[in-house]
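Start from the sequences and build out the full structure, keeping to the hints where you can.
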Amino acid sequence: MSETLMPEIPEENLAVVRRPVAHDSARLHVRGAATYIDDIREPAGTLHIAPGLSPIARGRILSLDLDAVRKAPGVVAVLTAADIPGKNDVAPTFDDEPLIADKDVMFRGQLVFAVVARTRDEARRAVPLAKFETEEQTPAITIEQAAARGEIVLPDYDFGRGDTPAALASAPKSLKGRLMIGGQEHFYLEGQAAFAVPGEAGDMLVHTSTQDPTEVQHICARVLGCPDSFIVAETRRMGGGFGGKESQAAQVAAVAALGAHVTGHPCKFRLDRDDDFVMTGKRHDFRADWSVGFDAEGVLTAYDVQLDANCGCSADLSPGVVDRAMFHAANAYYAPSVAIRTRRLRTDIASNTAFRGFGGPQGMLAIERVMDAIAHETGRDPLDVRKANLLRPDGDLTPYGMKVTETDTLPALLDKLERTSDYRARRAEIEAHNAIDPIVRRGIALTPVMFGISFTLVQLNQAGALVHVYQDGSIHLNHGGTEMGQGLFTKVAQVVAEEFGVPLEWVRITATNTAKVPNTSPTAASSGSDLNGMAARIAAGAIRGRMAEVAGAMWDIAPAEVTFREGRVFGGNESVSFKDLAKRCRIARVQLSEAGFYKTPHLDWDRNKKTGRPFLYFAFGASCSEVAIDTLTGETKVLRVDILHDVGKSLNPALDMGQIEGGFAQGMGWLTTEELVHDEKGRLLTHAPSTYKIPVASDVPRDLRVDLFTNASREDTIHRSKAVGEPPLMLGISVFSAIIDALHGLAPGVHVSLDAPATPERVLMAADAMRAARKC
Amino acid sequence: MQASAPMDGTRGEIRFRFRGREVALSGFSPRLTLLDWLRTEAGATGTKEGCNEGDCGACTVVLARRIGETTSFAPVNSCILLLGQIDGAELITVEDLAQGADLHPVQEALVTHHGSQCGFCTPGIVMSLFAQHESAPDRLDASAVEDQLAGNLCRCTGYRPIIDAALAAHDVAPLGLWQGLADQGGDVFVGDATRFFAAPGNLASLGALYEAHPDATLVSGATDVGLWITKGLQDIQKVIWLGRVAGLDAVEDCGETLRIGAGATHAALLPVLAAVHPDLGEVMRRFGSKQVRASGTIGGNIANGSPIGDLAPCLIALGATLVLQKRETIRVVPLEDFFIAYRKQDRQLGEFVRAVIVPKLKDGQAFRAYKVSKRIDEDISAVLAAFRFDIAQGRIGAARIAYGGMAGTPARARNAEGFIIGARLEDEATWKGAMSALALDFQPLTDQRASAQYRSLVARNLLKKALIEMRGADVSTTRVAPPREGAYV
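Line by line, the protein sequences give chains A and B. When you line the first sequence up against numbering that gives the first Met the number 0, it's residues 0 to 775, in that order. When you line the second sequence up against numbering that gives the first Met the number 0, it's residues 0 to 488, in that order.
Just so you know, these hints were derived from the structure itself, not from any lab. Note that the Cβ used here is the ideal one computed from N, Cα and C, for glycine as well. Check each hint, because a few of them may be wrong.
[Stated by the list, open to error] To spell it out: a stretch of chain B is covered by chain A in this simulated footprint if at least three of its residues, at any positions, have a beta carbon under 8 Å from a beta carbon of chain A; those stretches are:
1) 91-99
2) 343-354
[Said to hold, decoys possible] Here are a few chain B residues that sit away from chain A, every Cβ distance over 12 Å (derived from the structure):
3) T9
4) G11
5) A57
6) A274
7) E327
This is how it looks when you write it as structure tokens:
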């Protein structure tokens, strides 16, 4: 069946793009031959760094006695703030985050000193020998405490439309509630790591596990007090990023570079997992206070939400994160009158940062919770309430004033998933199961995702690539995007191979390097293949154009008549191998190298005026989850999940499938088992996998049915594909809503009070509250 | 023998097979982990460090041991395994699997099923699946693969393609290239009297060595001691590893009881306890992970005295007794009396855990055990409850109720036991006294796993659930993750 609803966009004739080829490093991964930072062969004299962390969350360090540390076996140097030749700041924008705390402490686990020793074991064992005298102040850890204290990292911000208080007051029906939304640890399997190798005259090569090598370059230069041009940052791959290595890889890299600068030796800084947990920020936890007005059918008339974000001790990327929570606070729904208001609260914990979805999931969870509440109030099926509120041609404005033209995709996608998941019949079957009030109850939910694609900071929507063709026809590919497992390098290589009409294997993928492609944006906001794919295509296209000119001249035909396919170049009745043509170009003194550059068109979001277009397009998706809950223990089990996700015309369906399934699992974990717990002193109690529980194999339902929704992107994106990095995370919301549904069955019509994550404890407490309400 | 030096015939080195060669090593630090040896000394960086505490599985390697005509393939967490513990085994790492350009079937399947994304967990996943593949189970289903992977965290894929890969690889026969190594017997003592790794080969050697060095750390699986080193940075100087003590791992069926040697691993124990009751199988299946169960032992678990210790409350409910030994002296104590207070046990200087005697269930005895944790697999319990009731004509006679996670030690609920006697399964009103009495038995703590309020509530509810099930309710209506047939072999 055709899913095409809008103007037919003719499919291209493609040889490499759209093929489900394996990740370029897959064969290396399975042999243990893929090199991560800690696997790089160490030059003789390499030193190792271990962090000394603040024992208090807020206060001052009165004295720090490092004598015993310096005398410990193997110790070569101890780095403190006094050793920094440049500026003691690693903040991405707001000058508010020291590399090494000097006197004032911002959170428990902040770096106070760093030990450089011959071995990592010696460095780690020297750390506890430090003696601190501190003056501890009462920290603010939670949103409640921060709101009471009133400190913020950035000013409040809001946008919306209409007189929402009046609209709420006059609404036929209204509800309000509060939802606490937990944070999330990235738990990239490879912890933060960097390896700095000093060169001559202040040169520094920094191997870094980061999503943003350019930022690492800037920050290392800032800390060392040298020009950016002295620093080369290189990233072949990360063992996972998920946003956690966007801004926060810079600190680890800067410490390694400082160590190398001070000692003159190569220095490696790789965090132990527990240190990684306490030193680095996480997904922001949020508090959502919402009020909603609606009619008897559950159609929104007004929505007001106050989103209070726990930003941690500094601004970091919170401006963008909280803004994106706002952009997605209405998800795919139209509210005639709407107010989205935010506070960016400062607390005395590690600075919260980017995490897949970048605030979007938190804003989206709140409105999805509201949809369930409306359904329970009106007695309608939650899916029907959701469908009744979707953006539509006569209600196509988002709360930030962007007109959505693609309003037909999501209804079609939801209808299809409703059918393929057999939602209605299963709901009836579940109700029959629950009718006898069993200990184990079941619930089901089908929820949509609409995610805006582009960096909302317009300037970041640019990318560069560098492509060389060598005389033997082999191709060197480099671009500003980084590989963290998502398969970006594979996708971009497919684009380049397509452009040259050569087998994929001829394209050599190379490490992201600030000396090859400068001034890049982070690989974030799901933008990697959109931006870098385009930049690489532009570079390859330019070279191909020049090669076509050479071939055309050779055969006396127009360059436009020259085609590239199957490793050969054709024109008229002639053909030549790609390799031979490359050699001829060299002889003809034609440039076989090109730097490509791309910037996303049509973006004009103006944050101050609260108008304009922040997104080039939207990616859509939906998931249907069925769960079982144990009403005596609160344990839950996800039984079946059906997913339909919009990837446009996929560059690589296998890699896209991986992003969808992995994103779903991560979103499910965020909303179920992954719970961050601090004590009142600001100590993170869940600081390792023994205490912080990400999904394991058995948590993902065996019955997992995932399909791609492959309408062509309506924007001129790379081969009409759509971004797929972040949106699938929010498919996990259906699990949370299904748990709500199961709980709701205990007392139909009663509002379910459940915060995220839905741990067994929260589910049991909610179940008991529902049972108590039933008795009333 | 001399107390301080190896006796005659004692090996001053460990021996193992690695990369196709017999390797003999001496002069290593007793606290050196296998992972650090691999990565920093052997230059083998294929095996990754993900968490350094045995919870993520990125560091998984396989120890192949030849016992008689069969080779066992044990996946272990190399980050918390002491180097000395590989004595007598063939060490297989991710670099060993491919033969030239030909990948091992599990590697090939992972590639074709898109089972790796960032690739950092992949070496550990490969090794866990390799261990399963080379062990050649007759049949393999998704549940078995999930169990095999419970100790391997992947943050990228959502696991589905990995499970598909494992199932596909099962269709290809094991390569059978790894024969393992047989233990060469005798005592091992590497180091000197002040700092050593020792692996006595029999009980007499163990007794003598421990008497001479009562300050030594007894190491069984090192699944906890490993963390004292990697996280606590303890500078452990004297290690006596129990893994080679002949007979210490023996499991004997004595008719009405099982006599389980302290050295029996959780992996070995799982089918034995599952045969006593399927709930015990399920508790053991959820105990740590394959890697932890391959290394950890019943004796280590008990001697370590965790306040949770999933095994201990189960064994207490069954009425188990503990056999302690010091040289030739044997002492037997009820298991519940061994746990004195938080991390304090009734173990005298020089005394070690010899065995656990576990009564089997008798006719008329009903048993249930439940583990409640934030995540179902590979998690530490918030509450573990175990119940054994003698039931006649629907009325409860003798009762043993034990909980973990509710106090500083695993403990019996004596008040609740008192109140449950005489209760009738058919009359829920008669259960209430015992449920309420649990509040007298326990004042649990709030920690990162659960609040005191939740623990108390769940403790009550689990008693209720046990009674509902004993009354005849089908577990498919009472549990989200019921015991599974065939999962405990």
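Which of the numbered hints are not met once you compare them with the structure shown?
-> 2 and 5
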